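Undergrad: Sequence:
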Amino acid sequence: MSDHGESLGEDGVYLHGLPYSIAPDTQKHVPMALWLSADYQQRYGISAHCLQQRAQKENYSQDNLFSTLLGLLGVSTREYQAADDILTPCREAG
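Just so you know, the numbering used here puts 205 at position 78 of the sequence shown, and the rest follows in order with no gaps.
Treat the hints as calculated values from the structure; they're not laboratory data.
Please note that the accuracy of each hint is not assured.
What the hints assert, rightly or not - Restraint ranges, calculated between C-beta atoms of paired labels, are given here:
hint : residue 1 : residue 2 : range
1    : Y141      : R170      : 42 to 52 angstroms
2    : Q180      : A210      : 36 to 46 angstroms
3    : R170      : L145      : 41 to 51 angstroms
4    : V140      : C177      : 32 to 42 angstroms
5    : A165      : Y141      : 13 to 23 angstroms
6    : Y187      : H143      : 20 to 30 angstroms
7    : S164      : Y141      : 10 to 20 angstroms
Model, not experiment: these values are computed from the prediction.
Ideal placement from N, C-alpha and C gives every residue a C-beta, glycine not left out.
Throw the hints in and build the complete structure from the sequences for me.
TA: The structure is reproduced here in structure tokens:
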């Protein structure tokens, strides 16, 4: 996941990381990709359908990355925040 986008000529702007208040959307909204194998999804009860649905309506940021990685790896620590873990709502009980 990148921390910001680049302006590569959109509207004549060729810049790297403008201050947020004046940065164009191309620098503020950066795609994030998450791939989980079918085996991982089955083994850990992750609903791909839930993830796809939430990706359409939720806005995630780097704030979600740390707890999501801790959750993916099964790390038990007081630093983990389930509310910041992208996968929390899509984990099936059981």
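Undergrad: Now tell me if each hint is right for this structure.
TA: Checked hints:
1. In this structure the supplied range 42 to 52 angstroms holds for Y141 paired with R170, their Cβ-Cβ distance being about 46 angstroms.
2. Remark: the range hint 36 to 46 angstroms for Q180 to A210 is contradicted by a beta-carbon distance near 18 angstroms.
3. Checked against the hint of 41 to 51 angstroms, the pair R170 and L145 passes, with Cβ atoms roughly 43 angstroms apart.
4. Checked against the hint of 32 to 42 angstroms, the C-beta distance between V140 and C177 comes to roughly 37 angstroms, which is consistent with it.
5. Taking the beta carbon of each, A165 and Y141 are about 42 angstroms apart, not inside 13 to 23 angstroms as hinted.
6. Take Y187 and H143: their Cβ atoms lie about 23 angstroms apart, and the range 20 to 30 angstroms holds.
7. Distance hint check for S164 and Y141: the Cβ-Cβ separation is about 39 angstroms, which falls outside the suggested range of 10 to 20 angstroms.
The structure is inconsistent with the numbered hints 2, 5, 7, although it conforms to all the rest.
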